[in-house]
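Peer 1: This is what each chain is made of:
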Amino acid sequence: MDGAGRVEAIEENRDLEAVYRSVATRGDSEVPTNPEDEVDFHYVCFVKSHSSSVFYELDGDRKGPMNKCSLGPEEDALADQCLTVVREYISRERGGNPNFGLLALASSK
Amino acid sequence: MPELTYKKHYIPLESNPVLFTELIHKIGISQDLEFHDVISIDDSEALAFVPRPVLALILVFPTSQRYNDHIAQEDFETISKSKIEDKPPVWFKQTINNACGLYAILHAICNGLPREYICEPSPPRNMS
Chain A
6 MDGAGRVEAI EENRDLEAVY RSVATRGDSE VPTNPEDEVD FHYVCFVKSH
56 SSSVFYELDG DRKGPMNKCS LGPEEDALAD QCLTVVREYI SRERGGNPNF
106 GLLALASSK
Chain B
118 MPELTYKKHY IPLESNPVLF TELIHKIGIS QDLEFHDVIS IDDSEALAFV
168 PRPVLALILV FPTSQRYNDH IAQEDFETIS KSKIEDKPPV WFKQTINNAC
218 GLYAILHAIC NGLPREYICE PSPPRNMS
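Chains as they are written, first to last, in my numbering: chain A, 6 to 114; chain B, 118 to 245.
Don't read these hints as lab results, they were simulated from the structure.
It is possible that some hints are incorrect.
[Claimed, not checked] Short, incomplete list of chain B residues facing chain A, as computed with Cβ under 7 Å: (1) Asn133; (2) Phe152; (3) Gly218.
Just so you know, these numbers come straight off a predicted model, no measurement behind them.
Glycine included, C-beta positions come from ideal geometry on N, C-alpha and C.
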């Protein structure tokens, strides 16, 4: 599927939308009543490429994928150079809002 | 946040590993994967609680003018020079407002090792 196809696939997928809403409405935080209100936090993904050693920053609000660093074959997303990338985000806000959160996708066992 | 035209608006997703995990399982990711909270990236004891290997990270952070200035600069300087491999990563342009949590999750599960955990058939398999 190409880029435009993927964008539409997310927008138009009713099952995906229904699943998302069922989960999003169950959070403990106060849910905004109007989805059109702006929120003041953002999520970005960092992941190692499936076809190379590149560690990418993936954010749908940016111009495209961003090559952040290289990882060795045995290195995962908590390698030192990956944590350095995360620290850059945090240090940029030093003195400002410290409310950062980090979630790691890993084994459930 | 950049000025963009969003076709749809979702309510935002709370940064909660339980909710994130429930979402990926419901859209077709194996129960063998889940999201874990990383309490600290500077405390080796805290990091030791996270199972390895970690396949992807999702960072949630406050947006600020400082952040907006940074991404404007980075987009101008870096994107055109960024080395994208022959097989670029799966990347989705965000067109649904406030759904950055969903897009971060889709980016995490459609790239890298998480792809091996996609159950067939499912939205992530069709999009990756």
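Peer 1: Does each hint fit the structure? Answer for all of them.
Peer 2: Right, here's what the structure says about each hint:
1. Hint status for Asn133 (chain B): holds, given a least beta-carbon distance of 6 Å to chain A, under 7 Å.
2. For Phe152 (chain B), the interface hint holds, the least distance from its beta-carbon to any beta-carbon of chain A being 5 Å, beneath 7 Å.
3. With its C-beta approaching chain A no nearer than about 5 Å, Gly218 (chain B) sits inside the 7 Å limit, and its interface hint holds.
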